[in-house]
Amino acid sequence: MSIEDRKVKLVLGFAADRQEVELTIPDEEPTPWDLESKFSVVGGKHARVDALAKVTGRAKYTHDINLPGMLFGGFARCPHAAAEITSVDAAEALLVPGVKAAIPMTQDRVRYAGQPVCALAATTRQALAAGIAKVQAVYKVLPHAARIDQAMADAAPLVHRNQQSNLSGSGQPRNAETVAAELEKSAKVVRATARTQVQTHASMETHSSVAKWDGDKLTLWTSTQATFGVRSQVADALRIPEANITVICDFMGGGFGSKFGAGYFTAIAARLAQECGAPVKIALDRREEHTDTGNRPDSIQEMALGVSTDGKLGAYSVKIHGTPGIGRGAGARNPMIYDFPREMRAVAQVEVATNAGPQAAMRAPGHPQGSFALETIMDLAAEAIGMDPLEFRRINDSNPVRLQQYSDGAKRIGWEQRRKNGSATGRFRRGMGVGSSTWGGLGGPQAEVDCKIFRDGSVQVRNGAQDIGTGAKTVMAVVVAEELGLPLTKVSAFMGNTSDPIGPASGGSTTAPSIAPAARQAAYLAGRELKALVAKHLGVNADKLLMKAGRISTAEGKGLAFEEACRLIQSGEISARGKRRSNFRTYRDGVAGVQFAEVEVDCEYGLVRVVRIVALQDAGIIINRLQAESQVNGGVIQGLAYALMEERVMDRQRGHQLNADFEAYKVPGMKDMPEIECVLYDIANGGNNTSVCGIGEPTCIPTASAIAGAIHNAIGARVLSLPMTADKVLAALAQRESGK
Amino acid sequence: MKNFDWITPATPEAAVQAAAQAGRAFLGGGTDLLPLMKSGLREPTGVVQLKGLTGMERLELTADGITIGASITLAALCTDTLVQRSLPAVFDAARHAATPLVRNRATVGGNLCQRPRCWYFRHPDYACSKKGGDTCYAIEGENKFHAIFDNTTCNIVHPSNLGPAFWAHDAVVVVLGPKGERRIPVAEFWVRPEEDMRTEVALEPGELITSVSCKPLSGRSGSAFEEVNEKQSYDWGLVACAARLTLDGDKASDVRIVIGAVAPVPLRREAAEAVLNGKVPNEAAAWAAADAAIAGATPLRDNAYKVTMLRACVKNAILTAAARARKS
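Protein chains in written order, with the numbering used here: chain A, 1 to 740; chain B, 741 to 1068.
Some clues are possibly wrong.
To be verified - Simulated restraints, written as ranges between beta carbons of each label pair:
1) A:Asp149 to B:Glu753: 36 to 46 Å
2) A:Glu416 to B:Lys791: 51 to 61 Å
3) A:Gly69 to B:Ala927: 56 to 66 Å
4) A:Gln417 to B:Asp874: 51 to 61 Å
5) A:Ala133 to B:Glu944: 48 to 58 Å
6) A:Ala348 to B:Leu774: 41 to 51 Å
7) A:Arg58 to B:Leu799: 33 to 43 Å
8) A:Asp64 to B:Asp804: 49 to 59 Å
Unchecked claim - Calculated lysine-lysine pairs in the DSSO-like style (CA-CA distance at most 27 Å, straight line):
9) A:Lys544 to A:Lys60
10) A:Lys671 to B:Lys871
11) A:Lys38 to A:Lys7
12) B:Lys871 to B:Lys742
13) A:Lys38 to A:Lys420
14) B:Lys971 to B:Lys1019
15) A:Lys188 to A:Lys60
16) B:Lys955 to B:Lys884
17) A:Lys579 to A:Lys452
18) B:Lys778 to B:Lys971
19) A:Lys38 to A:Lys60
20) A:Lys134 to B:Lys742
21) A:Lys579 to A:Lys548
22) A:Lys134 to B:Lys778
23) B:Lys991 to B:Lys1067
24) A:Lys728 to A:Lys420
25) A:Lys140 to B:Lys871
26) A:Lys536 to A:Lys490
27) B:Lys778 to A:Lys60
28) B:Lys955 to A:Lys671
29) A:Lys185 to A:Lys319
30) A:Lys671 to A:Lys54
31) B:Lys871 to A:Lys134
32) A:Lys728 to B:Lys884
33) B:Lys955 to B:Lys1019
34) A:Lys536 to A:Lys452
35) A:Lys728 to B:Lys871
Hints in this document: simulated from the structure, not taken from any laboratory. Quick reminder that beta carbons are idealized off the backbone N, C-alpha and C, glycines included.
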């Protein structure tokens, strides 16, 4: 403990589970917010600071960037799912009027339909399209395995030349024998195979970059969830200093995990711009977006679960197959929740290479697919032992937050009115289901934030990471306003330019919990400087001054209005930088969520209408209630789409995605929306000075599971495969009928 | 998209004259033509826009029945009280289509002439039989949304939802061409893949639909259009049915049953009509007619569910039409 450090006592947790902790914190760190903190701005419902710019179209996204003399870049793509490239010749393309440059993308083999083989830049979009049509590529077409069933078949064509099989994985999991033996001994064993589909990110704004050179300095406007990541990757790719690159992402039209990397197109845009001596924009179209920018892997999960007669979880074995396309990393997280005895789980993960675009992290990677399978086996086990599925979860879940959520959610959805599985009759049958989630989202270094207080009383907060649409910019502004005792309107927030202090990639729901503490510290340090000026001016002790309601004053009221105080600033501005520290002790190591669904199944058509979702979510202390609810709504909507509609369809014959559009790739619209009831828990989780945790990802995890449970309850049959479309519901109904 | 001439005639005759030049296309609302052009499936050298042409935006009761100008938008159709009262199936079909945004643009003529949504047809990298190739990829491929009737040659389903509704109201399609006006009974308006693979409608080159005339309900009669979609906002039909009947006492007569989204063209189901004619149109009779309507279905690997769904859809269309007839 250095001389400057101090001890503080905090109350973590929530009303039903308070934990007192004592911490030693350094001088430059404000006392962390906890359960006892009283707020005036934090926790309110605030419209996002850039709401007006967004709804009026003043907000400029990468697609909107048009520079004088700018060229349009794009790609000639392979029309075969697997082929050897004999030659790629752009000579004729370069003769097309307006085509300025071509860069063949050297490779000798194409492994998915739509893989780029040559990049071009042209003065207009028409010239670009004409040029692309003139690229002469000669292929030797090879047999493909574009679908997981094709890739797993005997004697399947090999996706990767240097491998013996399309399958690679963990092999025999540890505990396999113990688990097999335990299953033999279990009072009840439930078996099921659950399948989930490939889902694409389907961001409204497609991947796009604009590259502009000034001498050896490069400016990149790009739609990204990692401005600093793009900077270092492009520096690497072009072998130029990071110091010469500025990456700008003022506004973001969705990423969901597909925009971590610079992408091949960003470096290509920069190379084309260099070659042509003009700025170049590359903006992918919808087909390219679906086929070549990532996706959530599918899964086939074969499960066996042992349960005791009193409903306790026993041995559990899972074998998971999933395809990352030609990429890596297709694991489903199963189990990731509930109290499974540690030595009695055997989980095998097998990746299946397919001739399809590589997967990319997608909102809670691995979790929605794992959740669908796990909650399926949970429901089937509860049914097998004649126990209410909610009760079954309660007795197998020791997380205190979720236990609270189970009982709050049951009241809100009206669980006591839930009928026995399959007891409803008639054309329209209602049912209820439940699913749970866990997520980290604690955040951490590296994140730095500048806070400036100007002589006119205005305040600025800046970070160079991006606001991917979740409202991170507004979170910074709220935290700074709270710390300085100001209304939100007094604080201007800036994000999305790498000239500003470093920030995180938006992944793992870590942006807010990484930058909010740095923002608070920056405001704390800047405010302390201002207090010192006031203290000197009024002849009081700076430690006695509070910043509240637009004033800096003692408890007795001696002080100045914030604006008056700012006029004491001599140098034009006070500037302080806050740095995100490593996490201190937390209440829990992640956040907890539960969702309940009520559905109505039209048994004549097999259509599922989701009537209501009750989403109960913990995200630490809630900074902006409006945006937090918006995150929950967004997660539920994407989860509902995963449950009922979205699915990448690959043609078994030629290996193309057949629905690389927004017509046959189905995303729900207004009429498909349920009533979404959002219940947020202000949990003082600790870990950082704001107690903020992420909320972006966990909210999409259990929606499909809860809907699946509700369908099961309504029709008395389980749909084991996502999306749960009418054809599958009708098949489940028919199977139930024939089994009677 | 390639550059094209933009032609704005003032009369249907001038439009037909402009379109006489090869390579030109008519543009109603553009909700189908533009996507076709963007994906390179159509590359017209000139686009003849049909907005504001004399007589093509009328909607009125005439000696022919209710005459609907071909440039009438779906939005206008589904907010019109005459249509709601006299052509309920047409009203339902227009209201059910697409989204408010699309309905504000899409026209009656365009709805009848739109090209199929088959994902092999729409994919630029598949030269399917409809595009001059020699394979229907849907037969062995991904055929969840394809035809369950008349599907040995080409497996498209006709995408028009007004088509079956017009047929249920015995419509006549009025077309103008280089050789003058023709009146085509809607039953003869559709072209099967076996007749001509390159089109779905009986229009000669350069011919333009100017209006559609429908028989309004009279006496104690009712009609209805029912469509099933996976998605309730903006989705194409999985199955559809238009039904019309007149009550003679409590018995159904003059029954029309037309099914859509299940074959390369809309299909009138006369066998099903015969089952219902002379019967009280109750649930049992409606199911019996529906059984007749699905007879002969030849589903593919992934679309047998459509048969089950169609059966219920026909039943529901009949029951709605009957309920309306009783109320009339």
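So, going through the hints one by one against the coordinates:
A C-beta distance of roughly 57 Å is found between Asp149 (chain A) and Glu753 (chain B), which places it outside the suggested range of 36 to 46 Å. For Glu416 (chain A) paired with Lys791 (chain B), a C-beta distance near 59 Å keeps the hint of 51 to 61 Å intact. At roughly 59 Å, the beta carbons of Gly69 (chain A) and Ala927 (chain B) sit within the given window of 56 to 66 Å. Against the hinted window of 51 to 61 Å, the Cβ-Cβ separation of Gln417 (chain A) and Asp874 (chain B) comes to about 59 Å, which satisfies the hint.
Separation of Ala133 (chain A) from Glu944 (chain B) is about 32 Å and departs from the stated range, judged on CB atoms against 48 to 58 Å. At roughly 50 Å, the beta-carbon separation of Ala348 (chain A) and Leu774 (chain B) lies within the given 41 to 51 Å, and the hint holds. Here the CB-CB span from Arg58 (chain A) to Leu799 (chain B) is close to 41 Å, well matched to the stated 33 to 43 Å. Separation of Asp64 (chain A) from Asp804 (chain B) is about 51 Å and conforms to the stated range, judged on CB atoms against 49 to 59 Å.
Simply put, Lys544 (chain A) and Lys60 (chain A) have alpha-carbon atoms about 45 Å apart, too far for the 27 Å limit, and the pair is violated. For a cut-off of 27 Å, the pair hint linking Lys671 (chain A) to Lys871 (chain B) is broken: about 35 Å separates their Cα positions. Of the supplied pair hints, the one linking Lys38 (chain A) and Lys7 (chain A) holds, its CA atoms being roughly 20 Å apart against a limit of 27 Å. Between Lys871 (chain B) and Lys742 (chain B) the alpha-carbon distance is near 19 Å, which keeps this suggested pair within the 27 Å criterion.
The hinted pair formed by Lys38 (chain A) and Lys420 (chain A) fails the criterion: a straight-line CA distance of about 45 Å is larger than 27 Å. Straight-line distance between C-alpha atoms of Lys971 (chain B) and Lys1019 (chain B) comes to about 35 Å, which puts the hinted pair past the 27 Å bound. Of the supplied pair hints, the one linking Lys188 (chain A) and Lys60 (chain A) is violated, its CA atoms being roughly 59 Å apart against a limit of 27 Å. At most 27 Å may separate the alpha-carbon atoms for a hinted pair to count; Lys955 (chain B) and Lys884 (chain B) exceed this at roughly 35 Å.
Among the hinted pairs, Lys579 (chain A) with Lys452 (chain A) is consistent with the structure: their alpha-carbon atoms are about 15 Å apart, no more than 27 Å. Between Lys778 (chain B) and Lys971 (chain B) the alpha-carbon distance is near 25 Å, which keeps this suggested pair within the 27 Å criterion. For the hint pairing Lys38 (chain A) with Lys60 (chain A), the CA-to-CA distance comes to about 37 Å; that exceeds 27 Å, so the pair is violated. Restraint check for Lys134 (chain A) and Lys742 (chain B): the C-alpha separation of about 14 Å stays at or below 27 Å, so the hint holds.
Restraint check for Lys579 (chain A) and Lys548 (chain A): the C-alpha separation of about 24 Å stays at or below 27 Å, so the hint holds. Straight-line distance between C-alpha atoms of Lys134 (chain A) and Lys778 (chain B) comes to about 18 Å, which keeps the hinted pair within the 27 Å bound. A C-alpha spacing of about 14 Å is found between Lys991 (chain B) and Lys1067 (chain B), which places the hinted pair at or below 27 Å, so the restraint holds. Pair hint Lys728 (chain A) plus Lys420 (chain A) holds up; C-alpha atoms about 22 Å apart against a cutoff of 27 Å.
Between the alpha carbons of Lys140 (chain A) and Lys871 (chain B) the distance comes to roughly 24 Å, so the proposed pair stays at or under 27 Å and holds. Distance hint between Lys536 (chain A) and Lys490 (chain A) is fulfilled; the C-alpha atoms sit about 25 Å from each other, no more than 27 Å. Restraint check: the Cα-Cα separation between Lys778 (chain B) and Lys60 (chain A) comes to about 25 Å, which is no more than 27 Å; the hinted pair holds. For the suggested pair Lys955 (chain B) and Lys671 (chain A), the alpha carbons sit about 32 Å apart, so the restraint of at most 27 Å is broken.
With a C-alpha separation of about 20 Å, the suggested pairing of Lys185 (chain A) with Lys319 (chain A) holds against the 27 Å cut-off. For a cut-off of 27 Å, the pair hint linking Lys671 (chain A) to Lys54 (chain A) stands: about 24 Å separates their Cα positions. At most 27 Å may separate the alpha-carbon atoms for a hinted pair to count; Lys871 (chain B) and Lys134 (chain A) meet this at roughly 21 Å. Between Lys728 (chain A) and Lys884 (chain B), the direct Cα distance comes to roughly 11 Å. Compliance with the 27 Å bound is thereby established for this hinted pair.
The suggested pairing of Lys955 (chain B) with Lys1019 (chain B) holds, with an alpha-carbon distance near 23 Å, which does not exceed 27 Å. Between the alpha carbons of Lys536 (chain A) and Lys452 (chain A) the distance comes to roughly 20 Å, so the proposed pair stays at or under 27 Å and holds. Using a Cα cut-off of 27 Å, the hinted pair Lys728 (chain A) and Lys871 (chain B) is violated, with the two alpha carbons roughly 32 Å apart.
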